[in-house]
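A.B. asks: Each chain, written out:
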Amino acid sequence: MMRLFILCALLWSSVARAETMKMAVTTSFHNSGLADILLPEIQGDIGLEVQLLVVGTGQALRLGEAGDVDAILVHSKAAEDAFVAAGYGTHRREIMYNDFVFVGPSDDPAAIVGADTAAAALAQIADAQTDFVSRGDDSGTHKKELSLWGAAGFDAATLGAWYKEVGAGMGASLNTASSLNAYIIADRASWLNFGNKRDLALLFAGDPVLFNQYAYLPVNPEKHPHVKTDAVAALETWLTGDVANALIDGYQIEGETLFVFNAK
Amino acid sequence: MNEIWAGLQAAFWLVARLDPDLVEITLRSLQVSVTALIIASAIALPFGTWLAIRRFRYRRATIAVLNALMGLPPVVVGLIVYLLLSRSGPFGVMGLLFTPTAMIMAQVIIITPLIASITHQAMRELWAEYHDLLISLNTSNRQRIGTLIFDGRRALLTAALAGFGRAIGEVGAIMIVGGNIDHATRVLTTAIALETGKGDFALALGLGFVLIALAMIVNFAIHVLSRTEREGRW
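These protein sequence lines are chains Y and W, in that order.
Numbering-wise (this note's numbering), the first sequence opens with residue 1 and increments by one.
Numbering-wise (this note's numbering), the second sequence opens with residue 265 and increments by one.
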């Protein structure tokens, strides 16, 4: 029994921590691998340990509303504006962007390679009734996909059995698409960093509607007095500064740039 | 099949290099699950034994509920603990959400009924044997529970190890209440879920093999430390 207690005491004897803050980020931001580049630099430069909660945009916003995180970094403008308007966030600061891409089986049964617009590509997938994987988790990517279906004249809720809502993060959804050899909409960064591509290929990109803006929203200390306002402000200054600019623009996978810094 | 082989290789290299991240999340897995186990055992062993020796009106109902709670779904426990600890929940002011403490609380809730139920089963048999002796010695309840726990310690070890096995392999609840934060609340099971999400099956499987090995080492170590199954001892 004594030995067990000693074992426990050893396990708990961890060192004291530096200043920490919690930030909810989208799975697409984290799966892209950029977080692993930025976080050590943030710790080195301003001595702040940022603890990431990797969730969908919908859940990230709810974590912010409940005050369980100090700031959020997400990509769904309409939902972000509503968040700030309701007083949960102090303001919205744009940080960087990338774009969404259509990924699907390399032989492209719905022939979306030559499509003119994203909406036309979706209409072709719907006509061909080929398998399509949807995030289905109220994330930024999911919201974008739903708006694209709307633009194409479809209601995602009434699509047939070929439309598969998996209710999972970007990587898990890509795994499903990879196994089913199905079409899926992903952000470019997650796609490039994804390790299980199998027969999937990038088929369509470049429509301006696929623009994907990431923004930083501090949680309002008036609603949640425990929020670490100083750390949140320091992180915002860092994220919009020159170091972050160079790191974000310089982050490449297989020779492709993943994010473009556009903070003002 | 290739992926399983790649997973074995990944596991080997992770361990051979003593990968610092691996060491960190393995120690955290142990920290959370062993602490949860000790707290749960402190509640469940006396409670299970007490259930075996006491007769009271709702005893059968209590035992039935306890057995049913063995199958408590971890995600539901996680969700409830999450809502209780959230800043907008009743215990929000403590700021415990997304900390190892929250993970321990969830695991204690999950494994206490399991340990208590197995304890009760084992102690019922032992009580049948000890009943006349302990009654005739006019012992107090506290003494009876103490005697049964001490003499039944081998069976209780099994109960505790079953609880530990459930705790260390559990992912649903600790993912929700811990949030899988790197260097803060990431443990082996949540790291496996994360790497699977990235499509890195080799690393995920490698971590899985490390987890299995860890569970076996802990079981083995406890058997050695407590000197069970030795000749001449019960």
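Honestly, the hints are just simulated from the structure, not real lab data.
Hints may contain errors.
[As the list claims (entries may be wrong)] Calculated lysine to aspartate or glutamate pairs in the DMTMM-like style (CA-CA distance at most 25 Å, straight line): (1) Y/Lys164 to W/Asp464; (2) Y/Lys77 to Y/Glu236; (3) Y/Lys197 to Y/Asp108; (4) Y/Lys228 to Y/Glu19; (5) Y/Lys197 to W/Asp464; (6) Y/Lys77 to Y/Asp207; (7) Y/Lys197 to W/Glu267; (8) Y/Lys223 to Y/Glu49; (9) Y/Lys228 to W/Asp464.
[Stated by the list, open to error] Short derived list, chain Y residues pointing at chain W, Cβ under 8 Å: (10) Lys22; (11) Asn31; (12) Leu53; (13) Val54; (14) Gly58; (15) Asp68; (16) Tyr97; (17) Gly171; (18) Ala172; (19) Asn175; (20) Leu180; (21) Asn181; (22) Asn196; (23) Pro225.
Predicted model, so just to flag it, every value in this text is computed and none were measured.
Glycine included, each C-beta is placed from N, C-alpha and C at the ideal position.
A.B. asks: Please name the hints from earlier in the document that this structure breaks, with their numbers sorted from lowest to highest.
C.D. replies: 9, 14, 16, 20, 21 and 23
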